[in-house]
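**Q** Let's have the full structure, built from the sequences with the hints guiding it.
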Amino acid sequence: QVTLKESGPGILQPSQTLSLTCSFSGFSLSTYGMCVGWIRQSSGKGLEWLANIWWNDDKYYNPSLKNRLTISKDTSNNQAFLKITNMDTADTATYYCARWDYWYFDFWGPGTMVTVSS
Amino acid sequence: DVVLTQTPSTLSATIGQSVSISCRSSQSLLDSAGNTYLYWYLQRPGQSPQLLIYLVSNLGSGVPNRFSGSGSGTDFTLKISGVEAEDLGVYYCMQATHAPYTFGAGTKLELK
Numbered sequence: 001q002v003t004l005k006e007s008g009p010g011i012l013q014p015s016q017t018l019s020l021t022c023s024f025s026g027f028s029l030s031t032y033g034m035c036v037g038w039i040r041q042s043s044g045k046g047l048e049w050l051a052n053i054w055w056n057d058d059k060y061y062n063p064s065l066k067n068r069l070t071i072s073k074d075t076s077n078n079q080a081f082l083k084i085t086n087m088d089t090a091d092t093a094t095y096y097c098a099r100w101d102y103w104y105f106d107f108w109g110p111g112t113m114v115t116v117s118s
Numbered sequence: 001d002v003v004l005t006q007t008p009s010t011l012s013a014t015i016g017q018s019v020s021i022s023c024r025s026s027q028s029l030l031d032s033a034g035n036t037y038l039y040w041y042l043q044r045p046g047q048s049p050q051l052l053i054y055l056v057s058n059l060g061s062g063v064p065n066r067f068s069g070s071g072s073g074t075d076f077t078l079k080i081s082g083v084e085a086e087d088l089g090v091y092y093c094m095q096a097t098h099a100p101y102t103f104g105a106g107t108k109l110e111l112k
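Line order of the protein sequences matches chains A and B.
The first sequence: position 31 = 31 (this note's numbering), numbered continuously.
The second sequence: position 83 = 83 (this note's numbering), numbered continuously.
All the given hints hold, so there is nothing to weed out.
In silico DMTMM-like cross-links for lysine to aspartate or glutamate, where the CA-CA straight-line distance does not exceed 25 Å: (1) K108(B) <-> D87(B); (2) K79(B) <-> D106(A); (3) K5(A) <-> E86(B); (4) K45(A) <-> D106(A); (5) K59(A) <-> D101(A); (6) K83(A) <-> D1(B); (7) K5(A) <-> D58(A); (8) K73(A) <-> D57(A); (9) K66(A) <-> D1(B); (10) K108(B) <-> E86(B); (11) K45(A) <-> D87(B); (12) K45(A) <-> D91(A); (13) K112(B) <-> E84(B); (14) K45(A) <-> D1(B); (15) K83(A) <-> D101(A); (16) K45(A) <-> E110(B); (17) K108(B) <-> E48(A); (18) K83(A) <-> D57(A); (19) K5(A) <-> D91(A); (20) K45(A) <-> D75(B); (21) K73(A) <-> D58(A); (22) K83(A) <-> D106(A); (23) K45(A) <-> D88(A); (24) K59(A) <-> D1(B); (25) K59(A) <-> D31(B); (26) K59(A) <-> D91(A); (27) K59(A) <-> D88(A); (28) K112(B) <-> E86(B); (29) K108(B) <-> D106(A); (30) K108(B) <-> D91(A); (31) K5(A) <-> D57(A); (32) K5(A) <-> E48(A).
Residues from chain B that keep clear of chain A, each with C-beta distances beyond 12 Å, as calculated: (33) I15; (34) S32; (35) D87.
Rather than coming from a laboratory, the hints here were simulated on the basis of the structure.
Glycine is no exception: its CB is placed at the ideal position from the N, C-alpha and C atoms.
**A** Pasting the structure below:
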């Protein structure tokens with residue numbers, strides 16, 4: 001059974017760095033073709049894909065967030081991570097991680113809400 | 001970035017009615033290998049999106065066959081043949097042919 005669950009700080013101040021963890025089970029990020037992605041959802045911008053990390057450690061980022069994103073993984077512990085620097089109120093959103101199984105995002109976590117406020 | 005335009009933004013339906021949602025892309029979603037990375041997701045209230053259709057017309061695992069997808073190039077359609085109460089929520093199309101992946105703004109399906 002595939003499950004994913006996001007965890008994060010809940011609230012942080014502008015200019016801080018957001019650190020998110022995706023803990024998953026039921027699959028391995030060392031399996032060929034497997035990937036974990038991060039997607040966020042805000043009332044203002046809808047669903048926005050942020051980044052993917054692949055089984056071979058290839059990483060892809062949404063250029064709109066320029067150099068603010070860093071994605072990584074810990075295959076041994078079945079976790080993926082996302083850091084976003086210089087957070088702003090516009091980054092307030094629910095952040096999801098999802099499994100990409102060769103062709104599609106098939107399983108999503110329940111999401112973690114992140115509020116940026118001073 | 002590829003812009004996906006969904007219509008309508010809101011859809012009112014009765015139980016048993018058949019409905020369609022359109023997703024139009026600002027660029028062709030056919031890649032050089034002949035694949036079209038167009039997906040449909042349903043987000044029920046308070047839940048995360050769930051996969052309905054992948055690669056334009058393939059049914060996701062466990063998805064009822066009243067859902068179907070069609071289209072090519074820049075024009076795609078999701079059809080629900082006989083809406084059921086559990087189908088209510090927001091439907092999104094998504095493309096992964098061109099980086100960055102992008103989503104449509106969503107179509108809210110509600111009961112009439």
